[in-house]
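The listed protein sequences correspond, in order, to chains G and L. Residue numbering for the first sequence follows the numbering used here, starting at 3 and increasing by one per position. Residue numbering for the second sequence follows the numbering used here, starting at 3 and increasing by one per position.
Rather than coming from a laboratory, the hints here were simulated on the basis of the structure. A portion of the hints provided could be inaccurate.
Unchecked claim - Here are the simulated EDC-like pairs of lysine to aspartate or glutamate, each with C-alpha atoms no more than 16 Å apart in a straight line: (1) Lys328/G x Asp171/L; (2) Lys259/L x Asp303/L; (3) Lys112/G x Glu134/L; (4) Lys112/L x Glu327/G; (5) Lys346/L x Asp303/L; (6) Lys259/G x Glu327/G.
Said to hold, decoys possible - Derived coverage of chain L by chain G (criterion: at least 3 residues anywhere in the stretch with Cβ under 8 Å from a Cβ of chain G; other residues may be distant): (7) 59–69; (8) 117–125; (9) 128–142; (10) 260–266; (11) 313–321.
Nothing here was measured: the structure is a model prediction, and the numbers come from that model. Cβ coordinates follow ideal geometry from the N, Cα and C atoms, glycine included.
So the chains spell out like this:
Protein chains: 2
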Amino acid sequence: MRILVLGGDGYLGWPTALHLSARNHDVGVVDNFARRLYDCEMGVDSLVPIRQLQRRVTTWKEVSGHTVQPFIGDLTDEVFVEETIREFAPEAIVHFAEQRSAPYSMIDRKHAVYTQVNNVVGTLNLLYAIAEIDPSIHLVKLGTMGEYGTPNIDIEEGFIEITHKGRTDILPYPKQPGSFYHLSKVHDSHNIHFACRIWGLRSTDLNQGIVYGQETPETMLHRDLRTRFDYDGVFGTVLNRFAVQAAVGYPLTVYGKGGQTRGMLDIRDTLACVELACVNPPEPGEYRVFNQFTESFSVIDLAEWTAKIAGGDVTIDNVPDPRVEKEEHYYNAVATQLPALGLKPHFLEDATIEVLIETAKQHKDRVEFDAIRPTVNWRSTKSQVSVAKGAAGD
Amino acid sequence: MRILVLGGDGYLGWPTALHLSARNHDVGVVDNFARRLYDCEMGVDSLVPIRQLQRRVTTWKEVSGHTVQPFIGDLTDEVFVEETIREFAPEAIVHFAEQRSAPYSMIDRKHAVYTQVNNVVGTLNLLYAIAEIDPSIHLVKLGTMGEYGTPNIDIEEGFIEITHKGRTDILPYPKQPGSFYHLSKVHDSHNIHFACRIWGLRSTDLNQGIVYGQETPETMLHRDLRTRFDYDGVFGTVLNRFAVQAAVGYPLTVYGKGGQTRGMLDIRDTLACVELACVNPPEPGEYRVFNQFTESFSVIDLAEWTAKIAGGDVTIDNVPDPRVEKEEHYYNAVATQLPALGLKPHFLEDATIEVLIETAKQHKDRVEFDAIRPTVNWRSTKSQVSVAKGAAGD
Chain G
3 MRILVLGGDG YLGWPTALHL SARNHDVGVV DNFARRLYDC EMGVDSLVPI
53 RQLQRRVTTW KEVSGHTVQP FIGDLTDEVF VEETIREFAP EAIVHFAEQR
103 SAPYSMIDRK HAVYTQVNNV VGTLNLLYAI AEIDPSIHLV KLGTMGEYGT
153 PNIDIEEGFI EITHKGRTDI LPYPKQPGSF YHLSKVHDSH NIHFACRIWG
203 LRSTDLNQGI VYGQETPETM LHRDLRTRFD YDGVFGTVLN RFAVQAAVGY
253 PLTVYGKGGQ TRGMLDIRDT LACVELACVN PPEPGEYRVF NQFTESFSVI
303 DLAEWTAKIA GGDVTIDNVP DPRVEKEEHY YNAVATQLPA LGLKPHFLED
353 ATIEVLIETA KQHKDRVEFD AIRPTVNWRS TKSQVSVAKG AAGD
Chain L
3 MRILVLGGDG YLGWPTALHL SARNHDVGVV DNFARRLYDC EMGVDSLVPI
53 RQLQRRVTTW KEVSGHTVQP FIGDLTDEVF VEETIREFAP EAIVHFAEQR
103 SAPYSMIDRK HAVYTQVNNV VGTLNLLYAI AEIDPSIHLV KLGTMGEYGT
153 PNIDIEEGFI EITHKGRTDI LPYPKQPGSF YHLSKVHDSH NIHFACRIWG
203 LRSTDLNQGI VYGQETPETM LHRDLRTRFD YDGVFGTVLN RFAVQAAVGY
253 PLTVYGKGGQ TRGMLDIRDT LACVELACVN PPEPGEYRVF NQFTESFSVI
303 DLAEWTAKIA GGDVTIDNVP DPRVEKEEHY YNAVATQLPA LGLKPHFLED
353 ATIEVLIETA KQHKDRVEFD AIRPTVNWRS TKSQVSVAKG AAGD
């Protein structure tokens with residue numbers, strides 16, 4: 003089918019585009035390169051060198067024979083959004099194109115406002131363009147498990163049946179997101195749900211857990227096809243960051259007690275989930291939510307596992323939690339709809355962590371040590387984040 | 003106490019400022035006059051002539067001896083927000099300063115984006131300024147009963163205890179808002195709740211019902227002190243609009259069956275509720291929600307009541323519902339916290355409707371008939387709204 007991948011130059015967007023293209027879908031990718039600009043602002047780089055998008059699609063054509071069509075532009079530019087959708091005429095749009103770092107959104111007022119406006123307006127522009135051009139286009143939107151927070155009851159997939167004072171209804175699951183970034187995804191979810199109700203749009207909201215891993219069958223075909231590997235305190239997610247810390251002999255930084263438990267998944271499962279959502283679209287007017295993760299881990303368990311694999315002198319450093327969150331809590335989240343559609347998970351195993359550490363060791367000369375520690379504190383309204391100790395923004 | 007009223011030039015903001023000033027609070031008002039600009043865009047005017055803000059505060063000083071300090075500026079301008087809060091040093095901030103019309107937000111993409119960006123960014127700027135300048139400032143935020151939608155269970159005040167699979171938690175009440183405007187208030191609620199959690203701010207979210215009435219004891223003291231009276235299809239709310247329709251012999255436009263039931267309240271009760279919230283602040287870090295209405299009515303009941311009071315030849319016209327909403331539904335909402343603080347409601351009575359109709363008759367020469375009918379259709383992504391049939395926006 004014809005699938006447009008928004009944010010197709012990013013950590014997950016690029017390998018998703020290759021995964022879909024390799025399976026004979028007609029794929030377009032949209033990006034404004036905002037993610038690369040955040041690197042300039044932070045003074046860091048992907049641990050693994052990545053090529054420009056144009057080189058990536060050229061190499062992919064040479065390696066696979068498949069064409070991936072790039073569209074360069076910004077989703078907050080509604081004219082660009084409309085022109086791109088009209089030209090590519092997708093059957094499904096996979097939407098990765100949002101600022102996706104919780105710490106980045108918590109740097110200061112400017113970054114909070116940027117994150118919410120960028121994410122919410124980009125998605126609003128998409129909803130209007132789909133409604134006007136072709137309401138049958140299926141919007142596959144990347145949400146996050148972080149929208150739910152850590153309630154003291156089981157987390158369901160987007161909706162929950164509530165019986166209250168003798169009456170019953172199925173209602174949107176209550177949300178307690180933990181950053182202005184996570185809040186932006188909650189705002190999106192409400193907006194998309196509404197657009198499905200009033201315009202008959204169809205959408206799948208993929209509430210994704212934390213992704214680990216860096217290589218996929220397609221990105222391994224050529225060095226030009228590699229995707230990003232982030233390890234810094236702002237964009238690096240937990241297991242990938244631990245692997246780099248272990249590789250360079252930096253203590254594994256666990257925030258607080260490390261009892262924070264989160265749903266997680268292998269990068270290869272992200273790609274499979276997105277394709278499963280695309281090829282099994284919801285009915286017109288339907289807004290459905292899939293929880294997209296395969297296992298839950300506490301942060302301390304991941305740190306200990308990484309330390310065991312790395313061996314030797316790797317230590318764990320329980321730093322004060324820069325976030326405002328429960329360091330120990332109940333966590334039991336449902337994720338049955340994607341397995342029901344055929345997902346075969348890659349569960350976390352020693353080899354996964356070994357590959358991450360090995361990759362990190364190959365590129366350890368590229369590590370900016372000052373960027374590893376957490377620099378953004380949730381309790382402060384102004385954090386200093388650049389490795390050069392300069393101000394981020396004004 | 004020192005109270006800053008944001009949106010203090012508007013329908014409710016201005017009489018609230020007078021109410022608080024008359025009770026010996028030190029009051030400042032902030033406005034960017036966006037509401038007056040919407041009138042220019044729509045080609046309508048307040049049915050009752052209103053004076054400029056500067057004249058209003060001068061007359062109030064002459065009539066009452068009290069000073070109300072005006073601040074002219076925009077909440078999306080963070081420098082203005084910070085400077086105003088530093089200069090006025092409020093103990094409470096009452097926040098009416100948002101685009102508040104559901105139909106306006108549904109005109110087209112541009113108006114939806116404007117509404118969400120204006121409302122969300124203004125409130126984010128406030129939260130940051132309060133956190134940085136004085137976290138003890140109490141943010142009294144105007145939300146809306148429309149955040150809840152029409153669930154098939156009772157509506158509680160902001161939070162609901164849920165027992166699920168043998169475990170229990172108190173969680174934010176699930177939201178099903180019915181327009182991009184109502185969605186903006188849901189976004190605000192989530193953002194404010196989060197700011198209270200991470201920065202220890204204190205806030206009261208007043209989920210207000212539909213307000214009717216136009217005169218208050220203070221606005222009646224001088225003709226310069228009158229507040230707005232909106233009757234048009236975009237900004238006119240239901241009972242006020244019916245009164246004008248009855249006064250000019252226009253059929254009362256009921257959307258669909260008219261079984262839509264909503265919480266409502268007298269304008270005088272709005273002012274009392276806001277003061278009760280201010281003088282009974284929550285604890286630091288507390289985010290509380292009050293449902294602010296006194297009675298529930300169906301639209302058809304209000305139409306029939308208005309027709310009965312108007313007498314004679316007034317008819318009811320069941321036009322196709324321009325909104326996507328249930329025309330008949332269960333509705334039972336709790337509102338006990340404000341009465342517990344001392345609210346003594348003005349329940350709707352014949353005299354209230356008689357005064358509204360009488361006021362409308364006095365100014366019937368100012369009515370733009372073309373502006374009365376509903377022009378914004380929820381199912382369309384582009385509605386024509388100006389009385390001159392021109393395009394709203396580009």
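Inset, instruction - Determine which of the earlier numbered hints do not hold for this structure and return their numbers in increasing order. - result: Numbers 4, 5, 7, 10, 11, in rising order.
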